[in-house]
Amino acid sequence: MTPPSGSTSSRPERGAELEPPRVTPGAGTTPDTPRGAWTLALPEDASTHGHRIDALLAWSHRFEAVLLAVAFGWLVLAVWRFRRAKRAAPDGGTRRSRAWVLGLALGAFVVVDGTLLLGSEGYLRDVLWNFRVPAEDPRTVRIEVNAHQWSWEARYAGEDGRFGTPDDVVTWNDLRVPVGVPVWVQLVSTDVVHGFSLPHFRVKLDAIPGRVNQTWFQAAREGTWEVACHQHCGTSHYKMRGVLQVMTPESYAHWLREAGRQAVQGYDAEDLAAHWGWEWKAP
Amino acid sequence: MSLVSSDHKAVARRYLWSGLGFLFFGGLLALLIRWQWALPGQPVPGLAWALPESRGALTPPAYTAVFTMHGLIMIFFAVTPLLFGALGHFVLPLAIGARGLAFPRLSSLGFWVYAVGGALVLASFAVRLGPASAGWTAYPPLSTPAFTPGLGQTLVTVAVLCAAASAFLYGLNFVVTVVRCRAPGMTWGRLPLTVWGLFFASVLNVLFVPVLAAATALLLMDRLLGTQFFVAGAAAVGGGGDPVVYQHLFWLFGHPEVYILILPAWGMVGDFVAFFSRKPAHGYRLTAGAMGVVTALSGLVYAHHLFTSGMAPVLGRAFMVLTLLISLPAEVMFLNWLMTLWRGSVRLTAPMLAALGTMGVFGLGGITGLALGAVATDVPLHGTLWVVGHFHLTMGAASFLAVFAGLYFWFPKMYGRAMHEGLAKAHVLSSAVLFLGVFGGQLAAGYAGQLRRLYDPYQYTYLKHLLPLNQWTTVFAFLLGAAQLLFVVNLVWTLRRGRVAEPNPWHVGTLEWTCAPSPPPEWNFHSAPVVLRGPHALSQPEVLARLGRDWIGQAEVLPEAAVEGADAERTDTGRVSTVGGAT
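Sequence lines, in order, name chains S and B.
Read in order, the letters of the first sequence correspond to residues 3 to 285 in our numbering.
Read in order, the letters of the second sequence correspond to residues 3 to 585 in our numbering.
Quick caveat, the hints were computed from the structure, so don't treat them as lab data.
For lysine to aspartate or glutamate, the following EDC-like pairs were computed, each having C-alpha atoms within a straight-line distance of at most 16 Å:
#: 1; chain 1: S; residue 1: K88; chain 2: B; residue 2: D552
#: 2; chain 1: S; residue 1: K283; chain 2: S; residue 2: E138
#: 3; chain 1: B; residue 1: K466; chain 2: S; residue 2: E46
#: 4; chain 1: S; residue 1: K241; chain 2: B; residue 2: D458
Using the sequences and the hints, build the whole thing.
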């Protein structure tokens with residue numbers, strides 16, 4: 003048992019005491035109230051940027067529906083209309099019909115793939131690969147996540163804002179972030195490949211031994227959501243579940259201060275295994 | 003005798019039986035996965051002998067082994083051997099008018115290498131700690147001994163190397179055979195589309211299977227010799243290896259592999275749609291060209307599997323553009339199939355129903371892949387059952403239905419007996435519909451966020467509500483499994499007392515049906531055919547007029563026309579020569 007992690011084990015109750023109405027402490031419940039069995043929608047979106055992906059996916063579904071209707075409709079119509087027809091055309095199409103095929107394919111390609119490409123490119127440019135947003139925002143919360151069989155170990159810099167100091171706060175399967183603030187995650191793995199997934203924030207990033215991957219997101223509202231692993235990482239892959247609590251900035255700051263104070267008290271310079279953090283590296 | 007024979011037809015039959023065996027086995031493993039998702043942790047009836055401690059319930063380690071082996075067996079030991087080993091070996095030389103493959107002994111050797119791999123796969127189930135369990139992709143470091151110490155993982159790694167060696171051998175064999183051994187007159191423009199599909203896929207085998215072999219061999223060295231190619235930060239080698247290198251090598255093979263599995267299927271669909279619409283394929287050259295473009299692009303799109311691996315943005319963007327680009331030739335090809343049906347005279351035989359079913363499942367599978375090709379929309383879907391549904395529809399369901407289209411079509415040629423048409427139709431129709439049910443259910447579950455390879459998805463609160471959906475999907479999967487009995491019954495019945503097939507039951511003109519008896523003799527053709535026209539010369543007016551039938555063999559000489567018809571013949575052939583496939 004490493005001191006920093008031990009120090010945070012009693013954290014939820016304390017945070018709840020001070021901000022009773024805001025934060026639901028019970029890990030394992032989500033405000034994502036059980037959905038109807040046939041609600042076949044994306045997981046609820048709790049991020050400020052995810053709606054752009056969702057909108058693009060909605061467009062892609064419209065295209066899928068049209069393409070499917072055309073393909074299946076045409077197929078069924080052709081079979082129905084020309085089944086056992088008396089005569090069959092003896093040619094493999096005319097120059098004109100082949101031009102139609104090329105034109106139709108090109109048209110569908112330009113519309114569908116073009117929309118996906120441009121929509122995707124916009125999101126990449128503005129959000130996914132745009133680290134200027136978290137880098138330039140003074141409120142940005144930085145978290146170092148260490149994935150291992152089978153849990154998510156998260157490290158916060160503590161009040162001094164520097165990683166690798168005694169007031170680093172370390173949690174297990176328990177991520178906490180303030181609402182409305184960019185959260186910048188740097189991700190490593192110390193054993194096998196894992197996948198850091200926040201389904202409700204449209205975040206997915208592989209944790210690969212030997213590299214530091216990074217992504218960022220921003221929570222749109224308070225609540226408790228789940229962290230999932232999306233890469234097969236061994237027998238207990240399915241149990242690699244964490245909880246992400248989105249708190250008000252005040253209760254987050256309070257929690258971090260308290261947890262950092264406890265971390266300092268419990269700091270053990272000899273415990274090398276507990277000191278896995280790294281100097282934050284901006285891109 | 004037939005076990006050592008290097009006759010391409012004997013090799014094909016060996017591949018057929020072993021491929022069907024592994025298909026059955028891989029299918030059972032799939033049903034175990036479905037059972038687990040419908041009734042998590044409940045004992046599987048009849049499995050207590052294999053898992054006595056849990057009284058037949060899948061445990062997490064057993065489950066990881068099951069989904070790993072399902073994927074490996076289906077790809078390397080069932081579908082590829084059926085498409086190439088069975089149908090490819092059997093049809094390719096016959097369809098191009100060759101007396102055999104270019105390297106007959108190599109093809110026999112390839113089968114035995116594959117058989118060794120298959121034996122290793124089966125043996126792996128008997129060793130301590132069970133078979134491989136690191137996923138079919140076997141990403142290190144999970145697949146290194148530190149995390150998967152069992153002998154089974156090593157045996158299966160060797161088995162994959164064997165399958166790769168055999169795939170390389172027949173790939174090479176097919177390429178050389180098509181380039182060098184075509185009958186006189188069998189120009190590239192007269193090849194059946196099936197041959198085009200097999201040819202392009204074989205090119206991919208030759209180019210990309212060695213990449214898999216390299217990655218697997220390095221992984222094997224990491225497992226056995228203590229090297230650290232894919233172990234990050236290994237101090238012993240100064241700086242260490244990199245697990246990401248394996249991922250790139252694996253998918254540099256892995257993505258072309260899905261085209262390896264689908265190109266022969268596309269080819270067969272192209273041919274069968276033409277045959278059973280009784281008219282030449284629409285835009286033959288466009289279709290063959292589209293398959294060629296897909297082949298050329300297929301090695302340039304693989305990194306969409308790694309969109310979430312933290313790759314450089316420039317790579318992500320490049321692979322997004324290239325991936326989306328590959329949908330264009332696929333659309334051209336699909337539209338050509340639809341245009342072939344149009345103004346034809348459609349005959350819903352069993353191979354035709356299977357081909358139409360292939361079109362249906364491939365259409366849905368292809369369309370659902372679009373969102374995975376763009377980085378932004380890939381993020382919520384990456385690693386979910388949406389991906390699983392998408393690739394099962396394409397390289398699973400579509401390849402499967404194409405295998406059965408081919409099998410029903412060529413079975414009379416292989417064994418001289420005609421399969422029961424009603425049972426065959428019921429089999430392919432029910433399979434196609436149930437495939438849509440099973441993989442449609444997976445698409446829906448994945449869209450709602452269900453991640454792959456979870457022993458118990460309902461550990462996650464946000465997935466709890468998906469249990470009923472998964473249970474229905476499982477019902478469809480078991481029905482799909484049951485529907486395969488229609489094939490088994492048909493196969494056994496046909497082999498025992500099926501009626502002797504007519505020489506050309508489908509009334510088509512390709513060489514295997516018009517120049518060789520069923521089953522063909524060892525040298526295939528009594529006299530080498532001299533090819534005069536394309537594979538789809540159907541419903542040609544002059545043939546109708548002179549022979550009274552709507553088909554003519556590719557090597558059949560049209561009887562001399564009546565004197566007054568000579569001019570008409572010239573103009574007719576002149577016109578026909580401009581349309582793809584008819585000449």
